[in-house]
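Protein chains: 2
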Amino acid sequence: MYQIAIMGFGTIGSGVYDIVAANADILKQKSGQEIGIRRILDLREFPGHPAEQLLTHSFEDILNDPEISLVVETMGGVEPAFTFEKQLLLAGRHVVTSNKELVEKKGAELFEAARAGGAHFYYEASVGGGIPIIRNLSDCIVADRIDEISGILNGTTNYILTQMTSGGVSYEEALVSALALGYAEKDPTADVEGLDAGRKIAILASMVLGEAVHLEDVTTEGITGLTSTDFSYARELNMSIKLVADARFEDGGVRAIVAPAMVPVSNALYEVSDVLNAVTVHGDMVDTLMFYGRGAGSHATASAVLADVVCAARGVSPACHGGWSGVHARILDPLEAVHANFIRVSGSIDGVYELIRIFGGGSPVSAKKKEEFGFVTPVMSEAEFREKTAQLDGFIKRIRVK
Amino acid sequence: MYQIAIMGFGTIGSGVYDIVAANADILKQKSGQEIGIRRILDLREFPGHPAEQLLTHSFEDILNDPEISLVVETMGGVEPAFTFEKQLLLAGRHVVTSNKELVEKKGAELFEAARAGGAHFYYEASVGGGIPIIRNLSDCIVADRIDEISGILNGTTNYILTQMTSGGVSYEEALVSALALGYAEKDPTADVEGLDAGRKIAILASMVLGEAVHLEDVTTEGITGLTSTDFSYARELNMSIKLVADARFEDGGVRAIVAPAMVPVSNALYEVSDVLNAVTVHGDMVDTLMFYGRGAGSHATASAVLADVVCAARGVSPACHGGWSGVHARILDPLEAVHANFIRVSGSIDGVYELIRIFGGGSPVSAKKKEEFGFVTPVMSEAEFREKTAQLDGFIKRIRVK
Numbered sequence: 001m002y003q004i005a006i007m008g009f010g011t012i013g014s015g016v017y018d019i020v021a022a023n024a025d026i027l028k029q030k031s032g033q034e035i036g037i038r039r040i041l042d043l044r045e046f047p048g049h050p051a052e053q054l055l056t057h058s059f060e061d062i063l064n065d066p067e068i069s070l071v072v073e074t075m076g077g078v079e080p081a082f083t084f085e086k087q088l089l090l091a092g093r094h095v096v097t098s099n100k101e102l103v104e105k106k107g108a109e110l111f112e113a114a115r116a117g118g119a120h121f122y123y124e125a126s127v128g129g130g131i132p133i134i135r136n137l138s139d140c141i142v143a144d145r146i147d148e149i150s151g152i153l154n155g156t157t158n159y160i161l162t163q164m165t166s167g168g169v170s171y172e173e174a175l176v177s178a179l180a181l182g183y184a185e186k187d188p189t190a191d192v193e194g195l196d197a198g199r200k201i202a203i204l205a206s207m208v209l210g211e212a213v214h215l216e217d218v219t220t221e222g223i224t225g226l227t228s229t230d231f232s233y234a235r236e237l238n239m240s241i242k243l244v245a246d247a248r249f250e251d252g253g254v255r256a257i258v259a260p261a262m263v264p265v266s267n268a269l270y271e272v273s274d275v276l277n278a279v280t281v282h283g284d285m286v287d288t289l290m291f292y293g294r295g296a297g298s299h300a301t302a303s304a305v306l307a308d309v310v311c312a313a314r315g316v317s318p319a320c321h322g323g324w325s326g327v328h329a330r331i332l333d334p335l336e337a338v339h340a341n342f343i344r345v346s347g348s349i350d351g352v353y354e355l356i357r358i359f360g361g362g363s364p365v366s367a368k369k370k371e372e373f374g375f376v377t378p379v380m381s382e383a384e385f386r387e388k389t390a391q392l393d394g395f396i397k398r399i400r401v402k
Numbered sequence: 001m002y003q004i005a006i007m008g009f010g011t012i013g014s015g016v017y018d019i020v021a022a023n024a025d026i027l028k029q030k031s032g033q034e035i036g037i038r039r040i041l042d043l044r045e046f047p048g049h050p051a052e053q054l055l056t057h058s059f060e061d062i063l064n065d066p067e068i069s070l071v072v073e074t075m076g077g078v079e080p081a082f083t084f085e086k087q088l089l090l091a092g093r094h095v096v097t098s099n100k101e102l103v104e105k106k107g108a109e110l111f112e113a114a115r116a117g118g119a120h121f122y123y124e125a126s127v128g129g130g131i132p133i134i135r136n137l138s139d140c141i142v143a144d145r146i147d148e149i150s151g152i153l154n155g156t157t158n159y160i161l162t163q164m165t166s167g168g169v170s171y172e173e174a175l176v177s178a179l180a181l182g183y184a185e186k187d188p189t190a191d192v193e194g195l196d197a198g199r200k201i202a203i204l205a206s207m208v209l210g211e212a213v214h215l216e217d218v219t220t221e222g223i224t225g226l227t228s229t230d231f232s233y234a235r236e237l238n239m240s241i242k243l244v245a246d247a248r249f250e251d252g253g254v255r256a257i258v259a260p261a262m263v264p265v266s267n268a269l270y271e272v273s274d275v276l277n278a279v280t281v282h283g284d285m286v287d288t289l290m291f292y293g294r295g296a297g298s299h300a301t302a303s304a305v306l307a308d309v310v311c312a313a314r315g316v317s318p319a320c321h322g323g324w325s326g327v328h329a330r331i332l333d334p335l336e337a338v339h340a341n342f343i344r345v346s347g348s349i350d351g352v353y354e355l356i357r358i359f360g361g362g363s364p365v366s367a368k369k370k371e372e373f374g375f376v377t378p379v380m381s382e383a384e385f386r387e388k389t390a391q392l393d394g395f396i397k398r399i400r401v402k
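Chains B and W are the protein sequences, given in the same order. One point on numbering: in the numbering used here, the residue at position 358 of the first sequence is 358, and numbering is uninterrupted. One point on numbering: in the numbering used here, the residue at position 140 of the second sequence is 140, and numbering is uninterrupted.
Quick caveat, the hints were computed from the structure, so don't treat them as lab data. Treat the numbers as computed from the prediction; the structure is a model and nothing was measured. Where hints are given, some of them may not hold.
Claimed, not checked - If you want a taste of the chain W side facing chain B, the calculated C-beta under 7 Å gives, among others:
(1) K30
(2) R135
(3) H299
Stated by the list, open to error - Which stretches of chain B does chain W cover? Using the computed rule of at least three CB atoms under 8 Å from a CB of chain W, they are:
(4) 129-136
(5) 139-145
(6) 293-304
Unchecked claim - Across the chosen pairs, the derived CB separations fall in these ranges:
(7) W:E336 - B:E236: 47 to 53 Å
(8) B:S166 - W:D251: 38 to 44 Å
(9) W:H339 - B:S228: 38 to 44 Å
(10) B:G253 - W:T224: 48 to 54 Å
(11) W:E336 - B:E250: 51 to 57 Å
(12) W:G77 - B:E250: 39 to 45 Å
(13) W:S366 - B:G167: 26 to 32 Å
Every residue gets a Cβ at the ideal spot worked out from N, C-alpha and C, and that includes glycine.
Please construct the entire structure, taking both the sequences and the accompanying hints into account.
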């Protein structure tokens with residue numbers, strides 16, 4: 001019997017409990033031993049719940065129980081999760097987490113604690129929910145020079161953008177619907193401002209480089225400023241507007257961004273809708289791989305947590321999961337990012353000739369309103385784009401083109 | 001230095017050589033040691049090739065070299081690959097293969113030889129080319145009851161079908177173009193009759209059940225009978241015609257089929273075009289995951305071979321790669337498969353009322369020719385479909401609806 005504890009009995013933690021109950025036979029077959037839940041840490045009470053007798057309010061009950069081999073942390077937030085996990089790892093207990101904020105901020109310290117304690121630290125569920133992107137990056141794509149990781153890494157915003165695309169609703173209306181369905185949190189800031197996706201792309205970038213990339217290193221732009229007019233232009237362009245997280249690797253460094261992007265129909269991310277997530281990885285040998293599935297949700301994310309538990313129970317060391325060092329990775333200048341841009345400009349479409357002159361090319365997008373028009377710039381650096389935009393009269397906004 | 005040998009210096013074998021040369025630093029970082037190629041077995045000569053001095057025509061040069069820890073087999077075909085691999089495994093050498101025919105036919109015997117010899121047998125590149133579907137099934141999707149695996153597993157036929165869809169060309173013209181581009185072999189039978197995809201779905205089904213599923217257990221229908229008229233109807237239905245490999249798991253058994261299918265736009269396989277492959281896996285907890293990428297090609301497939309090499313060099317045992325036993329899996333009756341069907345019927349569209357009566361429902365698809373019309377049946381068992389079709393006058397053909 002492989003005994004585990006769960007810290008945090010919320011959406012994901014209770015999903016772990018459900019799967020261990022429902023699929024005990026499969027877990028046993030894959031692990032070579034039975035998985036048992038010995039303790040659940042939560043501040044709340046769950047009267048009448050079948051797991052009630054496993055509940056404790058005291059972390060020491062887990063730390064001091066020698067029968068517990070592995071602890072699943074699904075509490076979220078940096079503290080007390082960090083303090084708990086560090087103590088567990090130093091005491092030689094394996095830790096599995098779904099906590100992206102913790103992995104992004106404190107990953108290197110936790111890998112170090114794991115080494116010091118002779119334990120393993122696993123974090124599959126911290127990025128992409130049920131999509132096994134961590135294990136694919138660490139174990140499967142190992143012969144390639146990875147030059148880009150790109151994806152839709154936040155289900156809440158993808159749901160909102162899908163509603164705005166197909167339902168023709170405003171951002172505010174779509175957010176209300178996301179809240180009603182439980183897809184958005186009461187304070188949706190981390191999702192809609194791109195911070196959640198920013199943490200996830202920082203984790204993936206850290207894995208590729210073996211050095212720490214943090215949220216602060218990622219350029220983040222949220223979706224709150226998008227309007228139905230933007231989506232009209234997108235339809236005109238046969239593109240969809242997605243919140244795209246992107247990391248480009250060059251010269252041993254990374255340039256990472258989360259921002260709304262116009263995604264052409266030819267791009268695999270174009271069709272990813274609702275709360276689904278997708279990650280593409282481009283390597284010099286394997287070309288583009290895409291991984292697609294549920295980026296959130298109780299059972300999908302818990303399934304990823306249990307993949308880590310099975311791995312630990314089998315005694316498989318997460319070799320490349322060794323993770324990254326505390327050295328801060330080389331962060332490339334965001335002004336050197338190169339892409340085309342969709343822009344909206346006020347005034348008559350006759351102004352397009354002036355735009356073509358300024359940008360040295362580009363093409364108009366027919367106006368949805370009399371008082372403005374759209375324009376797609378040639379591919380250029382961000383620095384050049386800003387310099388040219390400064391010369392523009394009537395610049396309203398831009399959306400990068402993926 | 002981790003010394004390997006390559007048997008078969010064709011498309012994939014030479015790709016392995018290329019990657020070891022080009023990405024030595026990455027392989028070393030991921031494996032913890034340098035990967036060296038010590039011997040290459042091929043019957044041909046490669047005068048002037050940088051690998052020339054590694055070449056041997058004698059298998060004994062590999063078997064008897066104690067420096068070689070692992071052998072990559074990229075020869076294809078059952079013999080002599082099987083005899084060579086069995087000897088190597090029994091002698092304690094790890095084996096990595098891309099040979100789907102061998103894995104499908106002799107997998108269980110090779111797993112057994114590996115156990116007997118204390119070696120590991122890896123086969124990531126045997127299914128899906130560069131897509132890491134084997135490792136995802138064995139290591140990542142381990143907490144789920146898998147009820148369906150479905151995919152486009154053959155690049156040659158997907159290229160031909162894409163040409164027939166978008167280029168409006170005939171099957172024969174598309175095949176000529178596939179041959180010219182090197183996507184089809186001179187004898188394209190294994191690809192176009194669905195045998196290649198059948199072997200691959202048999203391997204994936206064997207992994208899920210832990211018991212052997214062979215090509216003979218898979219219902220296979222090829223693409224040679226498809227015509228431009230079928231594609232006209234597909235456009236009318238807003239569907240694409242794909243060669244879909246599908247395995248459904250029920251009651252500890254499997255029902256597997258490779259056949260042309262009408263794929264609705266809502267299905268993730270709809271958009272998979274050209275030589276790309278995609279595999280979807282449905283589990284009871286994680287829902288649907290999709291893996292997408294290059295299903296063939298020298299470097300993409302060699303990248304998957306090297307994922308296995310790195311795994312072995314790290315000393316990671318392919319635990320669930322333990323594979324499957326020689327016990328023949330329970331094969332479910334193909335007549336109990338349940339799906340809708342697109343059919344073509346000769347005669348005037350007035351005949352549709354008679355069809356609706358016979359099938360107890362269904363809907364017409366507007367005629368592309370005066371002398372026939374299309375019809376989509378309700379969802380029904382294959383047995384029921386055959387029984388009802390026997391009552392039909394003017395039945396021309398059917399294509400299953402995915």
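Against the structure, the hints come out as follows:
Restraint check, K30 of chain W versus chain B: the minimum CB separation of about 4 Å is within 7 Å; hint holds. Interface restraint check for R135 of chain W: the shortest CB-CB distance to chain B comes to about 5 Å, inside 7 Å, so the restraint holds. With its C-beta approaching chain B no nearer than about 4 Å, H299 of chain W sits inside the 7 Å limit, and its interface hint holds. Check result for the segment 129-136 of chain B against chain W: holds, 5 residues qualifying (beta carbon to beta carbon below 8 Å, three or more required).
Counting residues of the segment 139-145 of chain B whose C-beta sits closer than 8 Å to any C-beta of chain W gives 7, which meets the bar of three, so the coverage hint holds. For the segment 293-304 of chain B, the stated coverage by chain W is satisfied: 8 residues place a CB nearer than 8 Å to a CB of that chain, which reaches the threshold of 3. For E336 of chain W paired with E236 of chain B, a C-beta distance near 49 Å keeps the hint of 47 to 53 Å intact. Remark: the range hint 38 to 44 Å for S166 of chain B to D251 of chain W is upheld by a beta-carbon distance near 39 Å.
Remark: the range hint 38 to 44 Å for H339 of chain W to S228 of chain B is upheld by a beta-carbon distance near 40 Å. The hinted window of 48 to 54 Å between G253 of chain B and T224 of chain W holds, with their beta carbons roughly 52 Å apart. For the pair E336 of chain W and E250 of chain B, the beta carbons lie near 55 Å from each other, so the given range of 51 to 57 Å is met. Range check, G77 of chain W to E250 of chain B: Cβ separation about 43 Å, and the 39 to 45 Å hint holds.
For S366 of chain W paired with G167 of chain B, a C-beta distance near 30 Å keeps the hint of 26 to 32 Å intact.
Going down the numbered hints, you'll see the structure goes against none, and every one checks out.
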